[in-house]
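If you want the building blocks of each chain, they are given just below.
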Amino acid sequence: MPQIGKGERVALCIVFVLCGGLLAFWLLQGREAGHRVEVVQRGTVVYEALLEQDHMVELEGNTVVIQNGAAIMTHADCPDQICVRTGAISHTNRMITCLPNQVVVKITGESGANEIDTVAK
Amino acid sequence: MNTGKHRRHNIRTLVLTALLTSLALVLGYLERMLPLELITIPGVKLGLANIVVVTGLYLFHFPTACGIALLKSGTTFLVSGSAVGFLYGLTGTLLSFLGMWLLRVLSRDRVSCVSVSGLGGMLHAVGQLAAAILITRTPALAWYLPVLLFSGLLTGSLVGVAVRGMLPYLLRIRDTH
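Note that the protein sequences, when read in sequence, are chains A and B.
Per the numbering used here, numbering of the first sequence is gapless, rising by one per residue and ending at 121.
Per the numbering used here, numbering of the second sequence is gapless, rising by one per residue and ending at 177.
Please note that the accuracy of each hint is not assured.
[Claimed, not checked] Derived Cβ-Cβ restraints for the label pairs, each shown as a range: (1) Val84(B) with Gln3(A): 40 to 48 Å; (2) Glu48(A) with Asn10(B): 53 to 61 Å; (3) Phe16(A) with Gly4(B): 42 to 50 Å; (4) Glu32(A) with Ser22(B): 45 to 53 Å; (5) Ser22(B) with Thr108(A): 44 to 52 Å; (6) Leu14(B) with Val46(A): 21 to 29 Å; (7) Met56(A) with Leu78(B): 30 to 38 Å; (8) Asn10(B) with Pro79(A): 37 to 45 Å.
[Claimed, not checked] Quick partial rundown of chain B residues pointing at chain A, CB under 10 Å, derived from the structure: (9) Val44; (10) Val114; (11) Pro146.
FYI, nobody ran anything at the bench for these hints, they're computed from the structure.
The beta carbon of each residue, even a glycine, is placed where N, CA and C say it ideally should be.
Could you put together the complete structure from these sequences and hints?
Printed below as a string of structure tokens:
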């Protein structure tokens, strides 16, 4: 095995710093209180409403509960349970993902014109 | 005798391939037993089984090495049992294998297996995420890219370090007559 050359070391360090910077940027991105919640399964929006609105979304394999202004995946029949372990989310730039069942729970910041219209009606 | 030598070489390749594939299965199983409860990002994992893929890349010619990469995906599927997960992983594995092969060939082996494997880890993340976005039709998943890139680079490089330690011994086994 040849030694790792000096040029390669420098290149590897640069790539690490770049990726680390990207990660830091990702970790430090703005997190304001979210307003709306969206549940998407296989690309189709299954549920979309204000976060304050308590609701239980039952999907095949997954259960999402929206309560006290936060969304949480309470049940999933997938093997890794990553989505359940993610816990409750209530801020923008946060997401719960269940890849095996293709479910994504997303929080968005905009309070949304739709809801205002519905209220006005 | 030339043909005898050739046959011995074939048998050795067959045995090494079989050993590496079963090693992938064991490493994949071992990784699942590790208590990594803190990780709540889909796709972030150690990827111990990739040790086998990178090793294959350095021991064999393209077809055999590519075969090992595909078999590794297959064994991961056996351990996890998730069909969709298999598709994500397969795309990641293929993209990362091709990328690593290209870097190895184009650099004429002047780049070490640590960097090759680091690149492989990043490409694995990209391929996996692209497959996940296409299959689930949820572009929002691209949000995970920064974490996946970094974790891919880190675990990939570590896999490369492991392979670097193993390779001299395996090369000796491959080349003994």
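Here is what the structure says about each hint:
1. The beta-carbon spacing between Val84(B) and Gln3(A), approximately 42 Å, falls within the hinted interval of 40 to 48 Å.
2. Checking the proposed 53 to 61 Å range against Glu48(A) and Asn10(B) shows it holds: the Cβ atoms sit about 59 Å from each other.
3. Range check, Phe16(A) to Gly4(B): about 49 Å between beta-carbon atoms, so the 42 to 50 Å window is met.
4. Distance hint check for Glu32(A) and Ser22(B): the Cβ-Cβ separation is about 50 Å, which falls inside the suggested range of 45 to 53 Å.
5. Ser22(B) and Thr108(A) have their C-beta atoms about 47 Å apart, which keeps the hinted 44 to 52 Å range intact.
6. Between Leu14(B) and Val46(A) the CB atoms are about 50 Å apart, so this pair departs from the stated range of 21 to 29 Å.
7. A C-beta distance of roughly 35 Å is found between Met56(A) and Leu78(B), which places it inside the suggested range of 30 to 38 Å.
8. At about 38 Å, the beta-carbon gap between Asn10(B) and Pro79(A) stays in the expected band of 37 to 45 Å.
9. For Val44(B), the interface hint holds, the least distance from its beta-carbon to any beta-carbon of chain A being 9 Å, beneath 10 Å.
10. For Val114(B), the interface hint holds, since its Cβ comes within 10 Å of a Cβ in chain A; the closest pair sits about 6 Å apart.
11. Hint status for Pro146(B) relative to chain A: holds, with the closest Cβ pair at about 4 Å, below 10 Å.
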